[in-house]
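A.B. asks: Residues per chain, in single letters:
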Amino acid sequence: MNSNEDPKVPIEGEAEEAIIDEATRVRRAGHSRRTFLFKVALLANGLVGAVMAVPILGYLLGPASKKASAEESWIGLGPIAEFPEGETRLATFRNPVTTAWDGQTGDVPCWVRRESGTTFQVFAINCAHLGCPVRWFAESKLFLCPCHGGAYYEDGARASGPPERGLFEYEHKLSGDTLMIRAGSMPTLASKSTTSPTLTQIAGATPFSPGAIPKPRCESCQD
Amino acid sequence: MPRLTEKAKSVYQWFEDRLGLGKPILDAVEHEVPETTASWWYVFGSAATVLLVLQVMTGVLLGLVYSPSAGNAWASLEFLNHSVTLGWFLRALHGWGSDFMIAIVLIHLAQVFLFGAYKYPRELTWIVGVFCLLLTLGMAFTGQVLRFDQDAYWGLGIGASIVSRVPLIGGSLVNLMLGGPIIAGPTLTRFFALHVFIIPGLLIAMVGVHLWMVLRLGINEWPMPGRLVSRTTYTRDYHKLTKDTGIAFVPDAAWKDAIFAAAIMLSVMACAFFFGPFGPTGQPDPTIIQTAPKPDVAFLWIYAVLAYLPPSLETPVLFIAPVLGIGAMLLLPLFSPQGEKHWSRRPIAILMVAVIAVVLGVFTHLGTYTPWSPIMDAWTSDPVPVRYLHNRTPLERQGALVLQNKQCRNCHSLGGSGGLRGPALDGIATRMTEDQIFRQVLQGGGNMPAYGNALSPSETKALVRFLSTLNSENEPKAIDASRDLVTTSPDDAAPARVQ
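For the protein sequence lines, the chains are A and B, in the order given.
Per this note's numbering, the very first residue in the first sequence carries number 1; after that it's consecutive.
Per this note's numbering, the very first residue in the second sequence carries number 1001; after that it's consecutive.
Rather than coming from a laboratory, the hints here were simulated on the basis of the structure.
Note that the structure is a prediction, hence the values are computed from the model and not measured.
Yeah, the Cβ is synthetic: ideal placement off N, Cα and C, and Gly gets one too.
Mixed in with the good hints there might be a few duds.
What the hints assert, rightly or not - Taking CB as the label site, the calculated pair distances span:
(1) A:T92 <-> B:V1060: 36 to 44 Å
(2) B:L1124 <-> A:L47: 27 to 35 Å
(3) B:W1040 <-> A:L47: 50 to 58 Å
(4) B:M1057 <-> A:V48: 35 to 43 Å
Said to hold, decoys possible - Not close to chain A: a few residues of chain B, all C-beta gaps over 12 Å, as computed:
(5) S1067
(6) L1173
(7) S1381
(8) H1390
(9) T1430
(10) K1477
Unchecked claim - In silico contact screen, one side only, chain B against chain A (beta carbon under 10 Å); selected entries:
(11) G1071
(12) S1164
(13) S1172
(14) L1215
(15) Q1283
I would like the entire structure built from these sequences, with the hints used as guidance.
C.D. replies: Following this line, the structure appears as structure tokens:
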């Protein structure tokens, strides 16, 4: 564009004007071509970005795409003799999914209530309100939460306070004389709101006569 | 000596010829500001920036030692506290710096709100400032997680429980937040990345943009009642004001910023020195359940609000209230970009600041002593006051034992000690008749569990008898007024009285 004002190039006569027009035309064509190429380059980078986004998003969202139930498996809590009838005791287990650097955070506590004989209830430690660790008080037969005062009866039903439901329960079964629970992910309102207990597993694993088999409890039922 | 000065000047010039930064920086620091802005009210923004620099510096230094691994983080904090020379002091500086930064940012926010600084042409400056506040709070929360102790562990549990309430995708979001199915190693590393890379990067960028706009648009002039902001005249008026009364920012206005910043830094250092670092509290071992987790002071008010929300309202409030609150702050300058700036002509603005400050203060105060939480060891540590056992029958004294054994004290205080969750039981007999106490104990209600299954009839009888003695001498016992009508002598004309 500046060529018209360039003092070294005298503008005289139509022929010279034509030459300059030619130079401008070439330059403009060059500009247009380079603009096009730049747009092509932008497009190429956009494509590269889009392709790059796939692994990045896949990596980032990896944990979110896993279903909580997929990470759960049966874990032994110990022989049932460790849980006296009519009592509620704290049991701990190593989470089935851990990393080598989890340290103590891989150990998860839960409350085991042996109502009688082979009738068990296994409650998550996490309050159904906001996940704080509930404590069992045998005298008043209540689970109390230290955070916001949620209270639950001995069967896990909501007694008072801010929780909108009773304690979360783990699916459980007896394998020989070992109490097994199905665990692996932190119980929350999202992961435990749907009930998917598999009744046959409990029935199949119980060495007692069908009449003695307790009615299995679903994970979120409160009655 | 002059030769040395010459030499220094030539060295500076050598760099300036190549960098070209000296001139624009000098121009920026010496730019003229309206004389009225050289005020002690205008020092909070710069103090917040200075605190951010302190946080970055101390954070990098802590990063030299801290181990972001769930198995080792707690031990590395203990190592910092006890084995690294002055490690405790660096941790204390970082912790107190964080509290001071939140406080100063909030004061800065209230000040610019009351001075109408968010109005034209500084709407975007305000909006970016709101993001700076949110990022600062994000730093506080993630920083609390990195102090990987019991409070951090269960704080993550609270966070995950809140996230799990999001409709439909709650479960996926929990896994995304925790980096796995439980709070463990991958949880800590992602909060580490958030705290040291992602949020600080965003925050520094946002503060840069914020500062750039303050320089570009000029600092908000001291508002005058009746001087209205109008899009058509404001810029001209502001330039005239700056031209007429302008003083160089450095040093004429900035000396106050510098003194205040120094005072704040001294305060942070004093707090760090005298009060020491925050925690860590117990090990992040979830099997140790003898704990009462609590968030850091900036989030105590949320913790308190969560105790008072009725269950049915909790999830909607958790997700709608922040959207409304943050949305209102972001949209404020767009809805009211013109008009009166002075606080004396904006009573609603003053009312809002006052109400919000009182509400936050009250909830934070409640969060410090959590009256809604049972005191887990009150039943074994707080005895029944002796005066309540004098002149009592054996049955009543037995009732006092039942009261203690059945852990009633965890929620009910007696003689000033015990839980605050339920009403104090001193004087309960003046408020409730024996029948009413029976009903309340057995059936519960009004946020009290039913104890029908936990008490035998004889225990219940003893307990209620004891409670029925709890009235002071000068206050009569509660009576059932209708009882006179149904239990009267035959010659009383009861039916007639009913009519």
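A.B. asks: Now tell me if each hint is right for this structure.
C.D. replies: Cross-check of the supplied hints:
About 38 Å separates the C-beta atoms of A:T92 and B:V1060, a value consistent with the hinted range of 36 to 44 Å. For B:L1124 paired with A:L47, a C-beta distance near 33 Å keeps the hint of 27 to 35 Å intact. Remark: the range hint 50 to 58 Å for B:W1040 to A:L47 is upheld by a beta-carbon distance near 56 Å. For the pair B:M1057 and A:V48, the beta carbons lie near 37 Å from each other, so the given range of 35 to 43 Å is met.
Look at B:S1067: its CB is around 9 Å from the nearest CB on chain A, not clear of 12 Å, so calling it non-interface is violated. A cut-off of 12 Å between C-beta atoms contradicts the statement that B:L1173 is not in contact with chain A; the least separation is 7 Å. No Cβ of chain A approaches the Cβ of B:S1381 within 12 Å, the least distance being about 14 Å, so the stated non-interface status holds. Every CB of chain A lies more than 12 Å from the CB of B:H1390, the least distance being 26 Å, so the non-interface label holds.
Taking the minimum C-beta to C-beta distance to chain A, about 24 Å, the non-interface status of B:T1430 holds against the 12 Å cut. Interface exclusion of B:K1477 from chain A stands, the closest Cβ pair being 26 Å apart, more than 12 Å. Among the interface hints, the one on B:G1071 holds; its C-beta lies about 3 Å from the nearest C-beta in chain A, closer than the 10 Å criterion. For B:S1164, the interface hint holds, since its Cβ comes within 10 Å of a Cβ in chain A; the closest pair sits about 3 Å apart.
At about 4 Å, the closest approach between the beta carbon of B:S1172 and any beta carbon in chain A falls short of 10 Å, and the interface hint on this residue holds. Because the closest C-beta pair between B:L1215 and chain A is about 32 Å apart, greater than 10 Å, the hint is violated. The interface hint given for B:Q1283 holds, since its Cβ lies 6 Å from the closest Cβ of chain A, which is under the 10 Å cut-off.
The earlier numbered hints that this structure contradicts are 5, 6, 14.
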